[in-house]
Amino acid sequence: MIVIISMISFFLDGILSRYILPNSLFLPLFTIVSLVIIYPYFNNSNFRYFKFIAIIGLLYDIAYYNTLFYNFFIFLILGFVIGLLNYLLSNNLYTNILITITSIIIYRIITFLFTIIFKSNMYSLFDLLKSIYSSLILNIIYCILIYLLTEFYSKKNNILRSK
Amino acid sequence: MYRKKQKEKRNKIIIICTLVFCLIIGFIVNILVTDRNLTIFEKTIKDSILTVQKVFSFPIDFITNKISTNNEKNKMYEKYLELENQVKENEKYKVENEELKKQLEDMKKLLDINETIAEYTFLNANVISRNLDYWSDTIVINKGEHDGVTKDMPVVIGTNLIGKVISTTTFNSTVRLITATDVVDKISVKIKNNDSYVYGILNGYNKENNTYTIEGISQSIKIENGSTVTTTGMGDIFPAGIVIGKITGINTDNFDLSNVLEMQSDVDFDNINYVTVLRRNI
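Protein sequences appear in the order of chains H and E.
With numbering that gives the first Met the number 0 applied, the first sequence covers 0 to 162.
With numbering that gives the first Met the number 0 applied, the second sequence covers 0 to 281.
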């Protein structure tokens, strides 16, 4: 199930990028949402989780960014944050939404800092804010949908996951 | 003696720290480079992922194409009348074009020139996906090395320049749009001013106003709004005569020494589905 969720989210990111305008309020970051949703299914095996998201990060780099080890590192940082928040909070729909929002904000801030420091200084804090709020709506909806689906499926098939 | 040793030790630590810091910065800059040549391993993975993506997006493409075809059918008669008028006008241009082609061929023979900087061949492509990175502006097209696409080839829509190829795989290519703010290449352009041309440099894109800046034009030259901006063909990348946009505003630089022109493109960069890659002959 972990692989299916991740792969669907990964390919949806690429497919939707063609249909959703770059200036719209519905920018997809489904792969990051999937990182949040799949965490409890690793049953506190952090090493396996980090190995998995490192591979996803590397594929994300090659397929969508033309870079190497850029998203790889960012995804590992996000994995650490997701693990920490899951340790502090109990696992339910609301905390999943909260962790998704936090992950998106961290992802946007890190990529923004990398861009203005090493690539272009033509962006302002307003652009950063815009990039964050335009990524929230669609991804929260996706988070709710995928959480409910996985919850239903794991209960039906008695799949173990950390609480 | 002890102090000297301590000082040497401290110096060594400082040198090592500086080296490590430089290496980290170098590594970060290196991983952020997007217009590099991909390794065979990366090309294979990217091609495989994009092939799967094409299969997944096929039903969506099919439905959207059906809807747009239906919409087109409804407007068919209006378009027919419009095209009829255009065909009449085109006859005139066709005769003129043939005459100019003949003259050009004669001149080439006279001067013993094989090809000019304005000659190129066309390669049509579909857009597969757009950038996921919020801070860059790229598209991925379904033509790659297999079809003869190489790095730095210009990409157009109709007659308007939209960007250049920054990396290729066997079956796909990534194109950086000219709206990207991290563009490092400056494009040499000419602006039609009455019967002559004024030369300048396209230097960046302003996201807020959706305009480009053209610099390097003397203040004594008067340019009218609406003048067409085309590429000059100078430099290795863009052939001559590709339309980039039209002048929408004229300002002066901070020192009041030269004109800074504002230009707007005719292309709707939010709606790019089909593009053409230009292969320069010279």
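No wet-lab data here; the hints were simulated from the structure.
Hints should not be assumed to be uniformly reliable.
Computed list of lysine-lysine pairs in DSBU-like fashion (alpha-carbon distance at most 30 Å, straight line) [what the hints assert, rightly or not]:
| no. | chain 1 | residue 1 | chain 2 | residue 2 |
| --- | --- | --- | --- | --- |
| 1 | H | Lys118 | E | Lys206 |
| 2 | E | Lys100 | E | Lys74 |
| 3 | E | Lys53 | H | Lys50 |
| 4 | E | Lys185 | H | Lys118 |
| 5 | E | Lys221 | E | Lys191 |
| 6 | E | Lys87 | E | Lys100 |
| 7 | H | Lys118 | E | Lys189 |
| 8 | H | Lys118 | E | Lys150 |
| 9 | H | Lys129 | E | Lys74 |
| 10 | E | Lys42 | H | Lys118 |
| 11 | E | Lys72 | E | Lys93 |
| 12 | H | Lys50 | E | Lys42 |
| 13 | E | Lys185 | H | Lys129 |
| 14 | E | Lys101 | E | Lys91 |
| 15 | H | Lys118 | E | Lys245 |
A short list of chain H residues far from chain E (calculated; beta carbon distances all over 10 Å) [said to hold, decoys possible]:
| no. | residue |
| --- | --- |
| 16 | Met0 |
| 17 | Leu20 |
| 18 | Ser44 |
| 19 | Ala53 |
| 20 | Tyr59 |
| 21 | Ile61 |
| 22 | Ser134 |
| 23 | Ile136 |
| 24 | Ile139 |
| 25 | Leu148 |
| 26 | Glu150 |
| 27 | Ser153 |
Stretch by stretch, here's where chain H covers chain E in the computed footprint (C-beta under 8 Å, at least three residues) [as the list claims (entries may be wrong)]:
| no. | region |
| --- | --- |
| 28 | 36-46 |
| 29 | 80-92 |
Positions of the beta carbon are idealized from the N, C-alpha and C atoms, including for glycine.
Structure-based check of each hint:
no., hint, result
1, H:Lys118 x E:Lys206, "holds (16 Å)"
2, E:Lys100 x E:Lys74, "violated (36 Å)"
3, E:Lys53 x H:Lys50, "holds (28 Å)"
4, E:Lys185 x H:Lys118, "holds (16 Å)"
5, E:Lys221 x E:Lys191, "holds (11 Å)"
6, E:Lys87 x E:Lys100, "holds (21 Å)"
7, H:Lys118 x E:Lys189, "holds (28 Å)"
8, H:Lys118 x E:Lys150, "holds (20 Å)"
9, H:Lys129 x E:Lys74, "violated (37 Å)"
10, E:Lys42 x H:Lys118, "holds (24 Å)"
11, E:Lys72 x E:Lys93, "holds (29 Å)"
12, H:Lys50 x E:Lys42, "holds (22 Å)"
13, E:Lys185 x H:Lys129, "holds (28 Å)"
14, E:Lys101 x E:Lys91, "holds (16 Å)"
15, H:Lys118 x E:Lys245, "holds (28 Å)"
16, Met0, "holds (19 Å)"
17, Leu20, "violated (5 Å)"
18, Ser44, "holds (26 Å)"
19, Ala53, "holds (14 Å)"
20, Tyr59, "violated (8 Å)"
21, Ile61, "violated (5 Å)"
22, Ser134, "violated (8 Å)"
23, Ile136, "holds (15 Å)"
24, Ile139, "holds (17 Å)"
25, Leu148, "holds (18 Å)"
26, Glu150, "holds (25 Å)"
27, Ser153, "holds (25 Å)"
28, 36-46, "holds (count 4)"
29, 80-92, "violated (count 0)"
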